[in-house]
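Protein chains: 2
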Amino acid sequence: MNDFNLKGYLAERKQMVDAALERLFPVPAGLEKSVLEASRYSLFAGGKRLRPILCLAAAEVVGGTPESILPAACALEMIHTYSLIHDDLPAMDNDDFRRGKPTCHKAFGEAIAILAGDALLTEAFGFIAEGQMQKDFPADKLLKVIGIVVKASGYRGMVGGQVIDLESENQAVDVATVEYMHIHKTGALLSASLEVGALLGGGTEEQIAILTRYGQHFGLAFQITDDILDIEGDAALMGKTPGSDIAKNKKTYPVLLGMTRSKEAALAHVKGAMEALSNFDEKADPLRAIAQYLLVRKA
Amino acid sequence: MNDFNLKGYLAERKQMVDAALERLFPVPAGLEKSVLEASRYSLFAGGKRLRPILCLAAAEVVGGTPESILPAACALEMIHTYSLIHDDLPAMDNDDFRRGKPTCHKAFGEAIAILAGDALLTEAFGFIAEGQMQKDFPADKLLKVIGIVVKASGYRGMVGGQVIDLESENQAVDVATVEYMHIHKTGALLSASLEVGALLGGGTEEQIAILTRYGQHFGLAFQITDDILDIEGDAALMGKTPGSDIAKNKKTYPVLLGMTRSKEAALAHVKGAMEALSNFDEKADPLRAIAQYLLVRKA
Numbered sequence: 208m209n210d211f212n213l214k215g216y217l218a219e220r221k222q223m224v225d226a227a228l229e230r231l232f233p234v235p236a237g238l239e240k241s242v243l244e245a246s247r248y249s250l251f252a253g254g255k256r257l258r259p260i261l262c263l264a265a266a267e268v269v270g271g272t273p274e275s276i277l278p279a280a281c282a283l284e285m286i287h288t289y290s291l292i293h294d295d296l297p298a299m300d301n302d303d304f305r306r307g308k309p310t311c312h313k314a315f316g317e318a319i320a321i322l323a324g325d326a327l328l329t330e331a332f333g334f335i336a337e338g339q340m341q342k343d344f345p346a347d348k349l350l351k352v353i354g355i356v357v358k359a360s361g362y363r364g365m366v367g368g369q370v371i372d373l374e375s376e377n378q379a380v381d382v383a384t385v386e387y388m389h390i391h392k393t394g395a396l397l398s399a400s401l402e403v404g405a406l407l408g409g410g411t412e413e414q415i416a417i418l419t420r421y422g423q424h425f426g427l428a429f430q431i432t433d434d435i436l437d438i439e440g441d442a443a444l445m446g447k448t449p450g451s452d453i454a455k456n457k458k459t460y461p462v463l464l465g466m467t468r469s470k471e472a473a474l475a476h477v478k479g480a481m482e483a484l485s486n487f488d489e490k491a492d493p494l495r496a497i498a499q500y501l502l503v504r505k506a
Numbered sequence: 208m209n210d211f212n213l214k215g216y217l218a219e220r221k222q223m224v225d226a227a228l229e230r231l232f233p234v235p236a237g238l239e240k241s242v243l244e245a246s247r248y249s250l251f252a253g254g255k256r257l258r259p260i261l262c263l264a265a266a267e268v269v270g271g272t273p274e275s276i277l278p279a280a281c282a283l284e285m286i287h288t289y290s291l292i293h294d295d296l297p298a299m300d301n302d303d304f305r306r307g308k309p310t311c312h313k314a315f316g317e318a319i320a321i322l323a324g325d326a327l328l329t330e331a332f333g334f335i336a337e338g339q340m341q342k343d344f345p346a347d348k349l350l351k352v353i354g355i356v357v358k359a360s361g362y363r364g365m366v367g368g369q370v371i372d373l374e375s376e377n378q379a380v381d382v383a384t385v386e387y388m389h390i391h392k393t394g395a396l397l398s399a400s401l402e403v404g405a406l407l408g409g410g411t412e413e414q415i416a417i418l419t420r421y422g423q424h425f426g427l428a429f430q431i432t433d434d435i436l437d438i439e440g441d442a443a444l445m446g447k448t449p450g451s452d453i454a455k456n457k458k459t460y461p462v463l464l465g466m467t468r469s470k471e472a473a474l475a476h477v478k479g480a481m482e483a484l485s486n487f488d489e490k491a492d493p494l495r496a497i498a499q500y501l502l503v504r505k506a
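Going down the list, the protein sequences come from chains A and B. Following the working numbering, the numbering of the first sequence begins with 208 at its first residue and continues without gaps. Following the working numbering, the numbering of the second sequence begins with 208 at its first residue and continues without gaps.
Accuracy of the hints is not assured; some may be wrong.
Identical chains blur together in the list; that is why a pair holds if it fits in one copy or across any two.
As the list claims (entries may be wrong) - Straight-line alpha carbon distances no greater than 25 Å define the calculated PhoX-like cross-link-like pairs of lysine-lysine that follow:
1) LYS490 to LYS214
2) LYS313 to LYS455
3) LYS470 to LYS490
4) LYS240 to LYS470
5) LYS342 to LYS470
6) LYS308 to LYS358
7) LYS240 to LYS358
8) LYS455 to LYS240
9) LYS313 to LYS358
10) LYS240 to LYS478
11) LYS455 to LYS478
Source of the hints: derived by calculation from the structure; they are not laboratory data. Predicted model only: the values in this text are computed from it and were never measured.
Please build the complete structure, drawing on both the sequences and the hints.
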C-alpha cells in the first residue's frame, strides 16, 4: 500500500479515459456541429476523470477488466460534465471560468451551452445502451446500470442536490441540510460510479454494497475537502479563486462547522471509506490511495 | 375508417396517458421538491399527449396492448416536455407563455426550470429502465428502446434540430435546411414514438420500419401544418399569438415556400403517411385519422 504510485496510476487512468472519450464521443459534423464542439470543449477542459477512474478501479477490485466498462465510465464523466455546464450558467452559479478556462456559455453562448449539457446527458445513456457494451454484458445488467445512473443523476441525486444548493444560498440551513445536499449533489454520482464499476466488474451483491459504501464516505470526504480548499486552497493549482463559495453565500462545511470540525469530519469519512475496503486485497490499493489523498489534496 | 370517432379516441387516450403520468411521475417531496413541482407544472400544462398517443396506437396496430407500454409512452412525453421547458428559456426562444399559461421559468425561475428540464430528461430513461416494464419486456428490447430514444432526442435528433433552429434565425437558409431542421427537431421524436410503440407492441422488423416511415411523414406534415398555423391559426385555440415564428425570424415552410406550396407539401406528407399504412387493417384507423386530421387542424 505504502509503495503504491498514485500519481502514476491517476495519470495512466486519466489517459485511458481521455482516449476512450476521444474515440467514443462523436466528432462534430453537420449543421448541428456547434453543440458537439461545445460538448467536447467542456468534456476536454482538463477534468481529473475522477468518476470514471473510480468506476474502473471498483471493477478491478472485484476482478473485472477496465477496458470493457470504459463506455459506462465515460458516460459518468459526460453526466458530470453536463452538470458543470448547467451549474455554471448565469441563471445558476453564473461562473465565467472553470479550471482556468472560460465556461461553456462564455465560449459558445448560453443557448448552445444549455443544449450541449442536454446532449451530454442524453448521449450518456446511449453510451450504456448502444454500442460495444451490449456485446460484452447481459442486457439486464446494462438496464440496472441505467437505473443506478438515473437515480444518482436525477431528482433523487444530483439534480435534487443542486436544487437544495440554490435554495440554501439565501436562507439559514443546518449541518444536516448541508450533508443532505452534498450526499445528493456530489455524493450520489460518485458512489454510483463505484456501484456501476462493481456491478459491471462482476462483483457479488455484498461486494457491490461495500464498494457503494466506500463511495458514500468518499463522496462526503471529497465534498468536505472541496469546501475546505475553497478557503485554504491554492488559486493557481485549482484554476479558480478561493473564497468563491463564501462570496456566493454557499453553505459549506467550514461555514457551518468551523475549520477544525470540518477537517475532523473529512478524516472520519476517509476512515469510513478505508474501513469499507478492509476485506479486500491489494487490488483495492488504488481506492485506498485515492481516499487518503483527499486529506492532502491541494486542488 | 369514415366512422372513426377521432375526437373521442384522442380524449380517451389523453386521459389514459394523463392518469399514467399522474401515477408514475414522482410526487413532490423533500428538500428538492420544487424541481418536481416545476416538472409537474409543465408536464400537466395541457399537452395533447401526441407522442404517447402515437406510441400506443403503433403498438396496437401490431397487436400489442397499450397498458403495458404506458411507462415508455410517458417517457416520450417527459422528453417532449423537457424540450419545451428548455426551448422557452430566455437564452433560447424567450417565451413567457405556452398554451396560455406562464412558461416554467416564468412560474418557477430560470434555475429551477433548467433543472426541471434536466430532471424530466433523466427520469424519462428511468421510466424505461426501471419499474414495471422490466417485468413485462425482455431487457434487450428495453435497451433497444433506450437507444431509439437517445438517437431521437440527442444531437442526432431533437437537440441537433434545435441548434439548427437557433443558428438559422439570423441567416439565410434554403428549404433543404428547413426540412433537415424539422426532421431533427420535431420529426425525430415523433417517428421514434411510432418506432418504440411498434417495437414494444411486438411488431416484425418490417412492421416497425413501416410505422417509422409513417412517423417520418407524419412528423413533417405536423411541422409544416404547425408553421401554417403560426400564420393562419386561431389565437384562442392555440393559446399563443399567431405570427410569433415570423416575429422571431424563424425559418418556416410558408416563409420559404409560400403558403400554397406549403399546403401542398403538408398534403403530400399526409398522403405518404397514409400510404405507409396501406397494408394494415382497421387497427391502423386511429393512425389514419390522426394523420388526416393534420390537414384540418385549427390548433
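Okay, the hints, checked on the actual structure:
1. LYS490 to LYS214: Within one copy, since 17 Å is at most 25 Å while 64 Å is not.
2. LYS313 to LYS455: Both: 19 Å inside a chain and 23 Å across chains, each within 25 Å.
3. LYS470 to LYS490: neither (28 Å within a copy, 67 Å between copies)
4. LYS240 to LYS470: neither (45 Å within a copy, 31 Å between copies)
5. LYS342 to LYS470: Classified as neither: same-chain Cα gap 45 Å, cross-chain 47 Å, threshold 25 Å.
6. LYS308 to LYS358: Neither: 31 Å inside a copy, 30 Å across copies.
7. LYS240 to LYS358: between (30 Å within a copy, 15 Å between copies)
8. LYS455 to LYS240: between (34 Å within a copy, 23 Å between copies)
9. LYS313 to LYS358: neither (30 Å within a copy, 28 Å between copies)
10. LYS240 to LYS478: neither (46 Å within a copy, 33 Å between copies)
11. LYS455 to LYS478: Cα proximity of LYS455 and LYS478: none, with 31 Å in one copy and 58 Å across.
In the structure shown, a violation is registered for the earlier hints numbered 3, 4, 5, 6, 9, 10 and 11, in ascending order.
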